[in-house]
Each structure stands twice: as structure tokens, then as C-alpha cells.
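Enquirer: Each chain is listed here by its residues.
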Amino acid sequence: TRGGPEFRSTDGFFTFHPRGRLGFDYSTTHGSSYDDRNIAGTEAEALRLGAEGNIGAMGYKLDVDFVDGTTAVKDAYLSWDTRMFSLPVEFYLGNHLKDRSIEGSSTESRLPFMERNAVASVGAGVNGYYGLGGMVRVYGKNWHIGASITGDDLDNEGTANDSVMYAIRGTYAPIKTANGFVHLGAWYYYENLANDVTSINNVPRIAQHFNDNLRVSSSSISNPTQDEAYGYELGGAYHSFWSFAEYTKRTIDSADTDVSDRTGKSWSAGWLITGEKPGFSTRSGIWGTTKVLRPVTSGGIGAFEVAVRLDRYDFRDLPNGGTGRSTTVGVNWYLNDWARVMLDYVDWTTDNKVGSYKGLDDGNSIGLRALLSF
Amino acid sequence: TRGGPEFRSTDGFFTFHPRGRLGFDYSTTHGSSYDDRNIAGTEAEALRLGAEGNIGAMGYKLDVDFVDGTTAVKDAYLSWDTRMFSLPVEFYLGNHLKDRSIEGSSTESRLPFMERNAVASVGAGVNGYYGLGGMVRVYGKNWHIGASITGDDLDNEGTANDSVMYAIRGTYAPIKTANGFVHLGAWYYYENLANDVTSINNVPRIAQHFNDNLRVSSSSISNPTQDEAYGYELGGAYHSFWSFAEYTKRTIDSADTDVSDRTGKSWSAGWLITGEKPGFSTRSGIWGTTKVLRPVTSGGIGAFEVAVRLDRYDFRDLPNGGTGRSTTVGVNWYLNDWARVMLDYVDWTTDNKVGSYKGLDDGNSIGLRALLSF
Amino acid sequence: TRGGPEFRSTDGFFTFHPRGRLGFDYSTTHGSSYDDRNIAGTEAEALRLGAEGNIGAMGYKLDVDFVDGTTAVKDAYLSWDTRMFSLPVEFYLGNHLKDRSIEGSSTESRLPFMERNAVASVGAGVNGYYGLGGMVRVYGKNWHIGASITGDDLDNEGTANDSVMYAIRGTYAPIKTANGFVHLGAWYYYENLANDVTSINNVPRIAQHFNDNLRVSSSSISNPTQDEAYGYELGGAYHSFWSFAEYTKRTIDSADTDVSDRTGKSWSAGWLITGEKPGFSTRSGIWGTTKVLRPVTSGGIGAFEVAVRLDRYDFRDLPNGGTGRSTTVGVNWYLNDWARVMLDYVDWTTDNKVGSYKGLDDGNSIGLRALLSF
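Chains R, X and C, in that order, are what the protein sequence lines are.
With this note's numbering, the residue at position 185 of the first sequence is 185, and numbering never jumps.
To convert, count from 1 in the second sequence and add 1000; that's this note's numbering.
To convert, count from 1 in the third sequence and add 2000; that's this note's numbering.
Bear in mind the hints are in silico, worked out from the structure with no lab data behind them.
Here the structure is a predicted model, which means the values were calculated and not measured.
Watch out, some of these pointers could steer you wrong.
To be verified - Label-pair ranges, simulated between beta-carbon atoms:
1) C/Val2136 <-> X/His1030: 23 to 31 Å
2) X/Asp1196 <-> R/Pro88: 49 to 57 Å
3) C/Phe2241 <-> X/Asp1212: 28 to 36 Å
4) C/Phe2091 <-> R/Thr15: 31 to 39 Å
5) X/Leu1184 <-> C/Phe2091: 52 to 60 Å
6) X/His1030 <-> C/Asn2223: 56 to 64 Å
Every residue gets a Cβ at the ideal spot worked out from N, C-alpha and C, and that includes glycine.
The shape of chain R in the complex, shown without the other chains (with noise of 0.2 Å):
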């Protein structure tokens, strides 16, 4: 039943799941006051092999990508299922997306944009998006509880301490019908950094991955201790309709300089024009799979989506701190339940204290994407 063949043993003991995902970017950008912004160019978004499968109750799942000539190490972990007091509880060890805001939690690939939000970005801790270490997620009927202690990302050097980071979310779905859910969470970290984080340059891109020029800027913070971020999440739907809202704070100490502040903000929104349903868990709290209604291979015309998103990145607490915000209006094909194409125009604009392009600049950039994920 999925893109790639998934393969059981009769008795269903063993499970194996061949993983590959291609995405390919243009993007194109205008308006600027900087020629070095207004750029296009294609781009491999994503290109990766991974394998994904059970033995009983312990699962595994490893997935590598290899953009830019590279090689990056996603998921990669050991998962064992179990039930306490009676409910069910997921024991992960290794590398896996950290529970931390709706679009930080869930996988790129099915997001209704082309790139995470403003909340996903300015929260993200000097450990990122992973993190090697354990992670536990309890479920309840309508609500579930992560919570991960991890170490530095699968990269580092064994020569010295990790940072440690102490991260935890919870979500709730005080309605859930048929017909549509209300979801609530909220989340926390806190990272005691190690002495090899001589600095902290958090830089988010504000447009399409592509263009590495777009971004909101701030003074590197250098000799940073500890940081830690809290946010809060809201939305739901209501049969094709969704919208969800984020807010996060992230606060930083340093040696050097006094406590700073960043906020982001996220506000989204979204119609599936065919009458699907968003194909948002309500049980983890991250998307999922649209199921596609009228499959583009076997003669449907595919789900349409339509989307608008606004993003604010305030990074003003710090004397060089810039400032970021941005309007996106997606359209979204869906082929099937495994394939889309993208199409995003973002208005953008920046006010940035610092770096290359300092002041206020605005200007529009749009992306298409073709991906596939299986």
C-alpha cells in the first residue's frame, strides 16, 4: 500500500520498507535591492535511500540524503512499542526528529509548504532539527506527551563534552470528530551547551532553500552557556479547511554578552479544493499523508490545495539583530499519495542589521517543486 513495496513475513513478525524520497526546486527571485538576491536556479531539495522495517516489537528506520554532493544522515533510530498503565508508549534511540513545534516536528516532505515556518526556524536549538539521544512518546485518546534527552547531532567530534539538550512537548485535541479537530500543544527545551559551541549564528533562510542569500541576520553570539525555547501551538479543521498558528521564544545566555531574546511567529491556513481531508495527526500532532481522493496514475485529476502563510522573525533584542517577515501563497498538486508539485510565491522582506545585505529590502521569490517520497 505504499510507494515503495512494504514487505511482511506471513505471520507479520517481520516488516521491511525500502525509503527513497527525490524533490527537485526552481526557484527564482526578484525585486531586491541586491542583485546577488535576485537569483534563480534548480536545485535537488532532496534525494535519499533509506530502509525502514520491524522485527516484533523493535523497529528501525535509516535514512540518508545525499544533496549537494553530500552525504546527511536523517532519521536513524531503534524503536521499541510497548504499553504502560495501559497506554501505548514509542522508546526511539538514536536520531529522530525532535518533538518541538507542529512544522519543526513533522518531515519535511509533508508540510503544505515548501519550507518549515518561522517557529520551526528561529526555535530550533544549536543542536537542531535531531539529535542523538532517546526520545519517548506516550499516546492517549486524544492527546500525546514526547520527551527526548539528546546529545550533539551524529557528526561531532568525540573530543570533547556534548551539549545536552532536555526537550518536551505535549498536544491536545479537546474536539475530534469526524468532521474535523481542534489541536492545542505546547513545548519546552532547555540546552546546557558544551565548550565547543564557541558561538551561536542562527541565520534562517526566509524564502525558498535555494537561495542562501535570502535570510534574516544576526550578530554570531559568542561563548553562549545554555539557551532554551519554549512555544505554543493552535489550530484545527473543519472538513477541507485547516489553519494552524505558532509562537516561540527562544532565550540564549552567553559568557560575553548579556541574555538575548527571538521570537517567531507562524500563522497558516489552508483549502483542499478537491475534499480531501488535511492529512494532519492529531494523535502526534504533525502532518501526515494527504490521502489523495482521485489518484493522478490511476486517471483522477490528483487533490488541489490552496494555502497562505504569514511568517515574522524578530531577532531585535540583540543590537544587530535584524528583522523578518514573510507572506506565502502556496498551491498544491497532489499525483497521488506519494508525489506533488509545489508551487510557492513568497513576499519577503527584511530589515537586516548585519551581513551583506543590511537595511530594508523586500522583494518576491517563487519556487516550484516535483517530489516524490515513498
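Fit chains X and C to the given chain R structure using the hints.
Expert: Below, chains X and C alone, put in the same frame as chain R:
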């Protein structure tokens, strides 16, 4: 029916084919006046994992090569099969071998020699054999046309505009019977080079891939603005005999120097002693699988082929351009449809004007390859 | 019957086995006089994807590891199974673990400890555990001989001659019954070093892989010309008990300094408390799969093993050579035939004459590993 299994859903809607390639080379060179050219050693030529499959009319392929401790993405595309004007049409999006010359369009593991010919290497554009973009192929009964628009390679950086190549190739088989065929082909591309292409320094190898010092050299061309190339193909097969001739001329414009030309010529012929037919696809104009009549893995003797190739490299249109010529005699032992052992004897001459190996120099290189590809 | 599925054509002619390995480590060190040695952290030990299969008598295997954001090809070979003089013979071409000492010849995921022993690391040649070339193994009823000729590693550059290693190993089981066995083994290699090997700087780790600062050091040997090593193996098993002793001496010739020796010794013993037999293959003289009687994934308690190992490193034949000794106590919990949790306590002492950690220094390292391998 393939060396790696091909899995199909009962209705044939889903297919999945794990792919692999392993190639190991030994190469030794003698007779050069330069000690550094007379080197010997072993090398992995290909170490690939990948996946290929279909979801109805939609297809995908992803091949990654891991030789030399690096990651090189080869074929990586989404495809769509359809019919237009009652002709079969294939659309490709992503990274696909360009339709350019016989040996440039063929996957290396299907060629009758260990390395591609002079036409493939001299006629290659800045974006190389691959290039991220779109391709379409239309097939008639005895012809095909392939056209593509491609941007930079997969690993380009998003800080500048892409170079863009417009390429087209057509092949035609005026005679096509059970006993043989005649093949005609022609191709052309125009490449508009972006600012980040600051020089062209194409110095093709003239013997086995292992030996980095055996090259036809030329001074680097600074600030190239555009280039174009065309080529012709003529060949055919009769029973177990085959022969092909190819020619290419590439023209490079530069802001700094005069327009300059480079030409490559190649002629080859072969005989499958054990009676197999050449694995050449008249439909696509590329080398495909040699179907072995008596596979070694089924107790037979395999297929034996002897082949010869002449290659000419001419870069003399530029003051510092060298020339090269080589004669290759090859013996191929096809163990079955997926595995082969290749022995290539290359008698080469280079006359370089620049680089570490100036002046008339000649020698011979012997290469041995064991290859499995599924 | 494997954790990853093994697919077979109906007649058994084709087989295909997707491979995967995930290993995650936690390591912490205390007691060293040097703060930089007392570090703790997490690390991925193995993140592998691969494929293995057969086309009749022809086999292939390709394993690629993606730890630390890099690409490391491990096993990558073509093989052929046949009989000569009515004995089973296996030919390998490509990258294969050399037949050299018990723990050097065994894949790391099958060893009873987290790291290979002193004999494996001290006796390794410049070309390491792997090496591109040809290998043959002949099997008798209770013995085997393995011989190989290998060139440089897979990632060597083609600008110089390869170093070439000639290696041989034989094992013999004079006693081999249902209750146990006695194992005898010996091995030797000679390595002719090419000009591009300008120094030998072998500084083996003495505790967990994570800690790069815990090494036995020695001055680099410049301009080495050749080296050789030999080793002895003695061991056996009785019911659930096993014990092995190994010894090696490596001799390095240099154009600059005197011939120098390095020795390594190792003794280990273990007990599978839950009654399993040691997963040692008397046929090949390597560690294989421990067959778990009561797998956790089938509701059992798994297999438990306690083991101890003593290692000695002696580089004192050179003026600046250090010494090291370690005692490892390990507890292994085998969840099933593919997954295990390992706890290693290592009490170590180094006496280095060069490097950042000179003089007598001791401490202890605790390592924890979760490992899945199929």
C-alpha cells in the same frame, strides 16, 4: 528476471527494483617518458546503490555512487510515460544522462570498452554528462528525438544564477531487421554560462580512469560566456558484428580570448564471437544489455567479444591546446546479463603544450575490469 | 529468517538481501589526570545501508557506512563459489575484511566487546582492515586457509603506485564436537609500501571509539619502505563458555630509522549465562551470530553474556613508543539474533612518550551500545 529482484504488485501498478553496481579495475601503464605516468594500481570504478520503480505511469530512479569515499549522485529523476499524437512520450525531471552522442548517452556499464570515447568527453558541456532539469523523449517506430533544458549540476551552490543548457538529439534507423540495423544520429546543444563559471579546463583522460596523469591538456579558458557543440553518429550491426563512428566539434566563447574549437572523433567495431547480438538499442540510440546465450552461472561459457576503437582529440585551435590519439583493443567476457570481465589494451599518444607532461609522449595502458550491474 | 528480508527466486538461483546496521554509543571516562580525556558523549557507531545477493554461484555484497557525515565503503566485493580438489573454495574480488587475526577478520558487530582487541589494531597494516584486491578461501572439514593480495584502500588516488599486501591465515580445529571446540590459528602478511606512504602513525584507541584522546601513542615513522606482521591464535569453547588468546608482532622498515617492532596481546573469556553457544565459526575462525534461545521480540528474556578481556600494547621498541594495557568487563544482552545492548567497563593505563597525554595515566571508561545488524 533481473540480477537484483524486481518486485511487482499483483496488478502491476507498483514496481520496485533495488539497484546495485560494483566495478573493480586494475590498470598499468608503460612506455611513457614520464615516470609519473607509468603507474599501476587498483581502483573501484563503481560502487553504487539505488532504487528504481513505478507507481502506474509515474516512475523514479535514484543511483548513488560511493567510490573514493565520496558521494556522487548519478541518475536521480522522476518520470512520466504517456502518449501524444499516438506516439510514446517520456518526460523526465531531475538528473538524467543527457541525450548527447552514443557513448555520452549510454550508461558506462553497458559500453563495450572500459571508458567512454573521445566524442563523449570532448563534446561534454560545462554541466557534464548530467544536469538538473527537464527532458522529453518521443519515440517513433524507427526513430527518437530527445530534448532537454538543464541547469547546473546537483551540487551547485545557491549563490548565483545557474548556467543553462539546451540540448537536442535525434536518431533514425533507416534499416532495422532481425539480422541487423543501420543507425544515424545527430545532436546539438547550446549552453549559456553563468557568472560563477570563471574558467573551462577540460582535460580528458586518454586511457583508464585510474591514471589521472594520462590526459590531453589545454590551457584553461578564462571567463567563458557560452559554448555549443554538435555531433554526428553513423553505425550499424549485422548479426554479431557492429561498428560505429562519431564526430563532435565544441565551440567556446570567452570574454577574454577568441572563440575556440575542440574536436573529437571516434570509430569502433566489434564482434561477439559466441554469436550474441550487440546490445545496442536502436530505439534510444544507446548501448543496452548484451543478452548472453550461455551464461556462466548456468553452466555455459558466457559470451566473448573482441572490439577495437580509435579516438582522436584535437585542442589545437587554441595556442596551448594539445592533441591525443589512442587505439584500444578490448576483449570482453560477459558471464551473464549482469556481470562481465573486460580487458582493454590502449596504445596512446599525447602531444601536450602545457601541464606536467609536455611534448610528444606515447605508451600503452592495460586495464582489467570486473563489473556487476543490476 | 533474517532481520532484513532475504528474497529468493523460486528456483533459488537469485537471492537478494537488503542490509542495514544501526549502532548508537554512549561513552564516559573518569580518572584521567588530563581533563580532555575525561569526556562523555553520544555517537553513532554504525549507520549502514547495503545489499547482498547471489546470481547462481556468483555473489556480491556492498555495505556503505554514513557515520560522521562521511561515506565509508566497507565490504564491497564480487565472489564466486566453487570446488577444487573436492574442497569448497571461495574467490573474492574487491574490498573484503582481510583474513588476519580473529578479531581483525570478524565484522565488528559480531564481537563480544564494543571494540576490537589490541592484536587487531596493533597488527594492522598501512592498508588497514580492508584493501582492494583478490582473496581466496579454501575450506576443509575442520580447517580453512585464506590468502589475499590487496592494493591500496578504495579511496586512494591514481597518481602513484599502490602499496601491495600479501596476506595469509590458516585456522584449524583439532577438536570439534557438539559440546565445544579447540581453535588454533596463525597468520602473516608482508606489505611493500609505495612512495606515497610517507609516514606510519598508528596510534590505536584503548577504550571506546567515541574518545579520540584515549590512545597509545608513538612517534610517526617517516619514509617507511615495508612492513610485515604475524600472529597466533589459540582458543576454544565448552558449552556456553569460551576463551581466546591472540598475539601479534609487527615489524616496520624505514629509510630513515631502524627497523622497529610493535607487539599486541589479548586474552578474553566469556560465559553465556542463558545457555546459548558462543557464536564463533570454527569453519572461518571468526565471530558470527549468537543464536538467541528466547528472543525478547518473541516474549523471552533474550540472551545474557558476561565477558572479560585483557589487552596489551607495546610500542617501546622505538625511543618514543608508549605502552598501554586495559581490562575490559562486558555484559551483553542479546535481544534476538540481530539486536543487542552492550555494556563495557574498561580500566585502562597508558604510558605515552609523545603527544598531548604523556606519562603514566590511568582511568576508566564506561561504554553503552545499542546495536541492530541485519
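Enquirer: Next, verify each hint and record whether it holds.
Expert: Structure-based check of all given hints:
1. Look at C/Val2136 against X/His1030: about 28 Å separates their beta carbons, and that is inside 23 to 31 Å.
2. Distance hint for X/Asp1196 and R/Pro88: a CB-CB separation of about 52 Å, consistent with the stated range 49 to 57 Å.
3. The supplied range of 28 to 36 Å is broken by C/Phe2241 and X/Asp1212, whose beta-carbon atoms lie about 54 Å from each other.
4. Judged by the Cβ atoms, the range 31 to 39 Å given for C/Phe2091 and R/Thr15 holds: they are separated by roughly 35 Å.
5. Judged by the Cβ atoms, the range 52 to 60 Å given for X/Leu1184 and C/Phe2091 is violated: they are separated by roughly 44 Å.
6. Checked against the hint of 56 to 64 Å, the pair X/His1030 and C/Asn2223 fails, with Cβ atoms roughly 26 Å apart.
Hint check: violations occur at hints 3, 5 and 6; the rest are consistent with the structure.
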